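All chains, full assembly: derive it from the sequences and hints.
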Amino acid sequence: MPTDKASVRNYQTDAEVLAKFVDVNKTLGEYYINENKKNSPMAYVTNKDWEELMLVSPVNRTKFENELKAVNSAIELAAQRNDVTQIVYNTYNETWVRTIDHNAEVLLKECIPGETTRAASRSFARMQLQYGALNEATFHAGRQIKSKISIDMFGSKAYSFEILCQIDASKTPNGSYPAGGGNNPKSIVMTGVGSMETYDFTWNANSSDAEIFWKFKGSLYTPQGLGECLITAEFTE
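If you use my numbering, the sequence shown closes out at 265, no skipped numbers anywhere.
Keep in mind that the hints were calculated from the coordinates and are not lab data. Don't take every hint at face value.
To be verified - What follows is a set of in silico ranges between Cβ atoms, one per label pair, in the way DEER data are often shown: (1) T260 x S101: 22 to 28 angstroms; (2) E265 x S236: 15 to 21 angstroms; (3) T74 x K54: 20 to 26 angstroms; (4) S236 x Y72: 38 to 44 angstroms.
Treat the numbers as computed from the prediction; the structure is a model and nothing was measured. Here a beta-carbon is modelled for each residue, glycine too, at the ideal position from N, C-alpha and C.
Listed below in structure tokens is the structure:
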């Protein structure tokens with residue numbers, strides 16, 4: 029019977045270790061495990077983390093890498109869609125926003141530290157994403173809004189979800205684009221690896237109107253287990 033530490037460690041413990049070493053190949057737009065990540069001063073990975081990586085069970089590592097492959101496959105398909113304008117990659121130490129359509133009606137960017145600390149920020153709407161359900165948020169606001177994306181997950185896992193955004197959808201004539209008013213809905217695909225974390229973004233609408241009708245729809249794709257993941261998007265001033 030195997031007695032080494034790596035053979036008996038549970039999956040969630042190993043997944044938490046592996047998550048710290050997940051990196052993004054920005055040329056290919058793919059996640060991978062970067063064992064050399066500790067050599068980067070901005071990686072926030074310690075020698076102790078690397079020692080723990082060496083103790084990861086091969087079976088657990090394969091399972092984790094398969095989760096990454098599934099997300100990478102979803103990213104590849106999303107990048108080929110005409111309605112996807114940006115793909116967000118979240119790792120242990122970095123958020124990368126990959127812009128596919130630089131001329132989109134709405135584009136987001138990661139908030140710099142301090143941009144979301146204003147105490148008086150007004151909340152416009154909150155949208156929760158759970159697997160198997162399509163959720164929606166609508167409100168009137170200016171050309172620029174912010175969002176706080178909160179990830180609450182049971183254990184460290186790879187995740188992917190989509191937020192579809194349409195502006196001025198309430199304009200007449202009634203009906204959906206192109207028969208009705210508003211712009212063609214576009215999607216932001218968000219992905220990452222983690223457990224409990226929060227990300228802040230700014231959304232900018234390419235419009236001359238001072239007030240805009242914002243419409244969002246959200247769908248969680250992975251993980252698919254009931255209760256494994258809850259994502260909340262709060263839109264603020």
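Hint-by-hint comparison with the structure:
no.	hint	result
1	T260 x S101: 22 to 28 angstroms	holds, 26 angstroms
2	E265 x S236: 15 to 21 angstroms	holds, 20 angstroms
3	T74 x K54: 20 to 26 angstroms	holds, 24 angstroms
4	S236 x Y72: 38 to 44 angstroms	holds, 42 angstroms
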